[in-house]
Amino acid sequence: MIDRTLEKIEEKRKNRLSWILAAPVLLWLVILFLIPYLIVIIYSFLTPTIYDIQFAFSLESFKRLVDPIYLRSFYISFRLAVVTTIACIFLGYPVAYYIARKTEKVKNILLLLIIIPFWTNFIIRIFAWRIFISANGLLNELLMFAGIIDDPLRILRTDLAVTMVMIYVYLPYMILPLYANIEKIDFTLIEAAMDLGANRLKSFLKVTLPLSKEGIFAGSILVFIPALGAYIIPQLVGNQDYLYVGQIIAYKIKSIPRNWPLASALSLGLLVLVIVMLILLYWFYKRVIKKENKLFFNEK
Amino acid sequence: MEKLILKNITKYFGGFRAVNNVSMEIEPGELYSFLGPSGCGKTTLLRMIAGFETPSSGKIFLGKNEITSLPPYKRQVNTIFQNYSLFPHKTVSENVAFGLQIKKIPKVEIQEQVMEMLKLVKMESEKNKYPSMISGGQKQRVAIARALINKPQLLLLDEPLAALDLKLRQHMLIELMNIHDMVGITFIYVTHDQGEAISISDRVAVMNEGEVVQEGPPEEIYEKPNSIFSAYFIGDTNLITGEVLDVKDEYVELKCKGSDNFYFEIDSAYHFIPNVGDKVTVSLRPEKIAISRNEPKRKDYFNIVPGIVEDILYLGTHTQYIVKVGDLKFRVFSQHKKVYVDEKELDWEEEVFLFWHDTDSYLINEVREEMLPVKNHEIPL
Ligand SMILES: Nc1ncnc2c1ncn2[C@@H]1O[C@H](COP(=O)(O)OP(=O)(O)OP(=O)(O)O)[C@@H](O)[C@H]1O
Ligand SMILES: [Mg+2]
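Keeping their order, the protein sequence lines are chains A and B.
Residue 256 in my numbering is what sits at position 256 of the first sequence, and the numbering runs on without skipping anything.
Residue 135 in my numbering is what sits at position 135 of the second sequence, and the numbering runs on without skipping anything.
Mixed in with the good hints there might be a few duds.
The list that follows gives simulated cross-link-like pairs (lysine-lysine, DSS-like), each with its CA atoms no further than 27 Å apart [stated by the list, open to error]:
no., chain 1, residue 1, chain 2, residue 2
1, A, LYS213, B, LYS59
2, B, LYS129, A, LYS286
3, B, LYS3, A, LYS213
4, B, LYS59, B, LYS127
5, A, LYS8, B, LYS127
6, B, LYS59, A, LYS184
7, B, LYS3, B, LYS59
8, B, LYS344, A, LYS202
9, B, LYS104, A, LYS202
10, B, LYS127, A, LYS286
11, A, LYS286, B, LYS3
12, A, LYS184, A, LYS202
13, A, LYS213, B, LYS151
14, B, LYS107, B, LYS59
15, B, LYS151, A, LYS184
Simulated from the structure, these hints should not be mistaken for lab results.
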């Protein structure tokens, strides 16, 4: 009885301490994240004017969201984010696994190699890609030199170009959390699985993969969310037949006639997509991966 | 069940030879131990039997089948890893079920067998817990259940008790022996703890620097060490180096530097017979030496030497005396048989007699120039 009370007091004290420690960050998040988001939500319910906004309630922006043009943009943005995320998982996992199993020294060198591109400005790297994949760029020259193609391929300003550059830019964001996760896995567990009769593939599927799901989850979030709002990459290397949501938002904010409420509604639309995706991912990890284990002894 | 045969197994890691020409035959149902100091190659040898390493040369057979380069998942061998290696994302029962799930056995059957195994290791009540929620001893049991459910020919245990505290270790040791009796399969038990090896095993292989130094039942290893290493590594012993003065009627007279001559009875059945002039070592266990301030009768004891008590250490079950005899130092254990001793306790610096039977020591055909350091005594509880 007394123990319980003491425990509670102790718990309260700990809680108070963690509040104090967390306060600055919480404040930061409220000022720079929550409040701006509230502003975006408020804007989305206002009436647009050519230059800015008029403080009059309107649902017009949300009605326009279901316009086929915007739905199509949502679809291609979503598709790009999904393709980028999945490609990053499949390309990043082997790399992260490979690095995680190296010795400490080699690990550091390899991680440095992954991080080095961050030292060059993002825009410069994309321009480098533009030159690399342009009609008379290095890639086409090489392909023609090798005799694989006769005429230069049109790569720049295609969806392929967008996808390639997106994967290139976001791959490190997948590799790093995956590496951090895989590195912590006790590799004798894989030996234990093989000892119990699982071949390499099975021990990977039943042990390594479930144990790295947090890494995949974290990496997917880090890649998916920014990929969904992709703006600069489609702008610089994408085709000009249609716009990604990020591009539309940018136009609606900066080019006259402006439409800030519509831009706000579009970004809320992206937020909804992110939330839907998170719920799907969460469901996937809880159900699909857990289910296989939970075949037994479910009674509580 | 099948016999495990190792033939001339050698393993190199780069230029380093971790296991050197090891051959052994382990009988079906035997509890066999690899005993040796840290780094002597026990784990490496075990990993080759399990299939995690391939020998640089030599062959491994299970019965008539050669398994030298078979992958671990194709061997009827299971391992208890030193840190248990339970799957953290699976519950106790899911861990135990793993091997059968891989074999795609019907669910109902798996459930039955898992319950049976959990009963064997007394873990039914914890079946839905995750490994992080159970104690070290319990993890150990789960690891055993998880291995045994596959009905292996061989169960390999790599220092299974090293992570447990002393009391639990003693308890689990008995439990392991019980489980071995119940399931009847071959156990290979790796340890650097001589007490564990001696108390649990049918046979022990003493290893040093990648080689098997001596192989045999625990009594034989303890009573008849074939080398200085065996004698020194297992239990406590006094190693006396000397030159053979005389070999007569199965008696050896040994001349030691700085002390009286000693006599040893030798039996050609299990001793090597030295020649006059040979340099040999005699291993004399501390508990076989009697100590008293009164000189015993010559006819009862062949070896009686006077000495001076240099150090006394009370250890509960017995007292350890360090006695200086000439230039030699003897370690002597004296059991406490009575609560009240009529005699006055021996004192520091007191003059005493050490005596032992001529059959209490064992002759080793090996000498070492430098003195081996006195081992830290393990205090028994
Ligand atoms: N993969 C490896 N690469 C290089 N050297 C190794 C490897 N595995 C083991 N060794 C070396 O081989 C020797 C024997 O190692 P092993 O693990 O078999 O010893 P052990 O008898 O099990 O020791 P311990 O009681 O400490 O577990 C050691 O010197 C070790 O450093
Ligand atoms: Mg070892």
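* Asked: Which earlier hints can't be squared with this structure?
  -> Of the numbered hints, 1, 3, 4, 5, 6, 8, 11, 13, 14, 15 do not hold.
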